[in-house]
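A.B. asks: The lines below spell out each chain.
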Amino acid sequence: MSERGQGGAPVVVARGLTKRFGEFAAVRGIDVTVRPGESFGFLGPNGAGKTSTMRMVSAVSRPSAGELTIFGLDPRTHGPEIRARLGVVPQEDTLELELSVRWNLEIFGRYFDLPRALIRQRTQELLEFVQLADRADSRVDDLSGGMRRRLTIARALINQPEILILDEPTTGLDPQARHLVWDRLYRLKREGVTLIITTHYMDEAEQLCDRLVVMDHGTIVAEGTPRELIDAHSTREVVELRFDDDGDGDASGDGGRVARLGDLAERVEVLPDRVLLYVDDGDDVLSTVHREGIVPASALVRRSSLEDVFLRLTGRTLVE
Amino acid sequence: MSGPPAHLAPVGGWSRWQRSWWYHAVVYAQTWRGSVVGAVVLPFLFLLAMGVGVGHLVAHHHGKVGGQSYLDFLAPSLLATTAMQLGSDESLWPVLGAIKWVRTYHAAAATPLEPEDVFVGKLSWVLTRALATSIIYTAVIGIFGALHSWWALTLPLVGGLVAVAFAAPLITWAARAQSDGPFVTYYRFATVPMFLFSATFYPVSAYPAALRPLVQIAPLYHGVALARAAASGHAQLGAIAAHVSVLAAMGAVGVVLGRRAMRRRLVD
Ligand SMILES: Nc1ncnc2c1ncn2[C@@H]1O[C@H](COP(=O)(O)OP(=O)(O)OP(=O)(O)O)[C@@H](O)[C@H]1O
Ligand SMILES: [Mg+2]
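Residue numbers (our numbering), protein chains in the order written: chain A, 1 to 320; chain B, 1 to 268.
Careful, some of the hints might be misleading.
Covered by chain B, per the in silico footprint, the following chain A stretches (three or more residues, Cβ under 8 Å) [unchecked claim]: (1) 57 to 70; (2) 108 to 122.
Sample of chain B residues facing chain A (criterion: CB under 8 Å; computed from the structure) [stated by the list, open to error]: (3) Gly12; (4) Trp17; (5) Arg19; (6) Ala25; (7) Val26; (8) Gln30; (9) Thr31; (10) Arg103; (11) His106; (12) Ala107; (13) Ala108; (14) Ala109; (15) Thr111; (16) Leu113; (17) Val267; (18) Asp268.
Bear in mind the hints are in silico, worked out from the structure with no lab data behind them. Keep in mind it's a predicted model, so treat the numbers as computed, not measured. Ideal placement from N, C-alpha and C gives every residue a C-beta, glycine not left out.
In isolation and in its complexed conformation, chain A is listed as follows (with noise of 0.2 Å):
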């Protein structure tokens, strides 16, 4: 199922890539592959080591165990080259900022030894293509949020990386920032960018992900395209429901609800706030929970997403 057209060697190959903090796993052997051009994800909550893997990936933190190439190369012998060839937007932003918006691009452009003309000229272009060519000289301590996680991005850029790392590239950002955000990705991806994205956000992975990975504590439980891990995982739709009473979830207090949507659906998820039906046809099934007398406070029928087979794989949501 990796082999989508994607032409070339791949670009990232982990086998068995462990990290350990003293007597702590974060990453207990992974096995992942990245051809070029493709966006591949990793969908996971806290915790799960997705800042761990990336940071092994930038080539910046050494395997504690297993193998990992990068552009074919070890990045434990061939550090700096690798990571001339890549773009890295980091968890937390990491600019100077009592520095303007200009001199954090020059810094970095002076890190990979551009010269000078050369960093002055990708320094306009890219500020144009993040949308902050007006706040050029303006200190990036009085930028907003999304314009310092725009700034970051174009930094990651100055080197035309062939790999852009990017670590919960939205986390934080109001709707409008994120969308932005995406756009920008989507023309990096156009122009044959390799993209490698941690997100906790399951709209995130559909929306910009060709493949991607779920990581739980450590380890990789499904791998596949949005729509292949949906189909693998979940049913067609979902039935949400809501009640008043709260039933809490618990069959004897509710007359045995639960027991009784149980029949109904190939699978019932009780969460605190709402209770989910797995079902092929959520219209009917709704219907069907009218007519034997259980009556929601409220109901939604809608598309299973990633969120659902997150839920499934590790009996927890995404987003606590």
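Using the hints provided, position chain B with the ligands relative to the given structure of chain A.
C.D. replies: Chain B with the ligands only, in chain A's frame:
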């Protein structure tokens, strides 16, 4: 965006540690709130108050200190203590901040730079600042007439050596530190006593014999002694070699440990 991929692009020809040096220079140049005037006026005022003012009193009562006028005695130690101060101020909070708070060293570690380059870039920037500051101080001391030998031309090197002797171990410490709490303690119980008691304001002979070894193991003592020797031109070769060795050893040990500490911290 057009052009070849970056690794094929024409290069600026800077070695990796030099790029880190440049980063530190930019941050300093862009955020420095003082002025060149301040850097010159401060030693002027200090020498005026302590050297000329106190020197007058001293001349009145005893005449000489360590065989010199008080101004001649004091002025070089000002250069050495300033170098220590600079080497310390640059190395503790700014380094821990760049690792832990603003995390800009982590940003650098995600580029072709290696953690060792960040360490060397930082240390070489401290050296640059110390040399520049020491040149100004040497000129000011000269204006006060407290330079008596061509050896005084080596004063900036003394300032650079002292700054690196302190900065290298202190950057190492900051690269390992989890919080800045101990830094305050260090200033209170190491920097300030050294500033006061490294034969800075009066000769080591003024201390009771039992305390003298204590003074003489203070790193700043060796810097002050070197600066004084350079300004006056009076020194024994053996003593100079000993002072230089102590400071150089501190710097060398700091470099060896600091490169490792920075790597451990940034690649974990
Ligand atoms: N330097 C470190 N030392 C010790 N433990 C660490 C270190 N870095 C991460 N961990 C631990 O490893 C686990 C995985 O952390 P990681 O940051 O990789 O997760 P994540 O998936 O990125 O989570 P989040 O969504 O919160 O960013 C966590 O339990 C974390 O506490
Ligand atoms: Mg993370």
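A.B. asks: Against this structure, judge whether each hint is valid.
C.D. replies: Now the hints, each set against the structure:
1. 57 to 70: Contact hint for the region 57 to 70 of chain A vs chain B: holds, 4 residues under 8 Å.
2. 108 to 122: holds (count 10)
3. Gly12: holds, 5 Å
4. Trp17: For B:Trp17, the interface hint is violated, since the closest Cβ of chain A sits about 11 Å away, which is over 8 Å.
5. Arg19: holds, 5 Å
6. Ala25: violated, 10 Å
7. Val26: For B:Val26, the interface hint holds, since the closest Cβ of chain A sits about 6 Å away, which is under 8 Å.
8. Gln30: holds, 5 Å
9. Thr31: At about 5 Å, which falls below the 8 Å cut-off, the nearest Cβ of chain A leaves the hint on B:Thr31 intact, so it holds.
10. Arg103: holds, 4 Å
11. His106: holds, 6 Å
12. Ala107: Status holds, d = 4 Å.
13. Ala108: With a closest approach of 6 Å, the B:Ala108 hint holds.
14. Ala109: holds, 5 Å
15. Thr111: Holds: closest Cβ of chain A sits about 4 Å from B:Thr111, inside 8 Å.
16. Leu113: holds, 6 Å
17. Val267: Interface hint status for B:Val267: holds (6 Å vs cutoff 8 Å).
18. Asp268: holds, 6 Å
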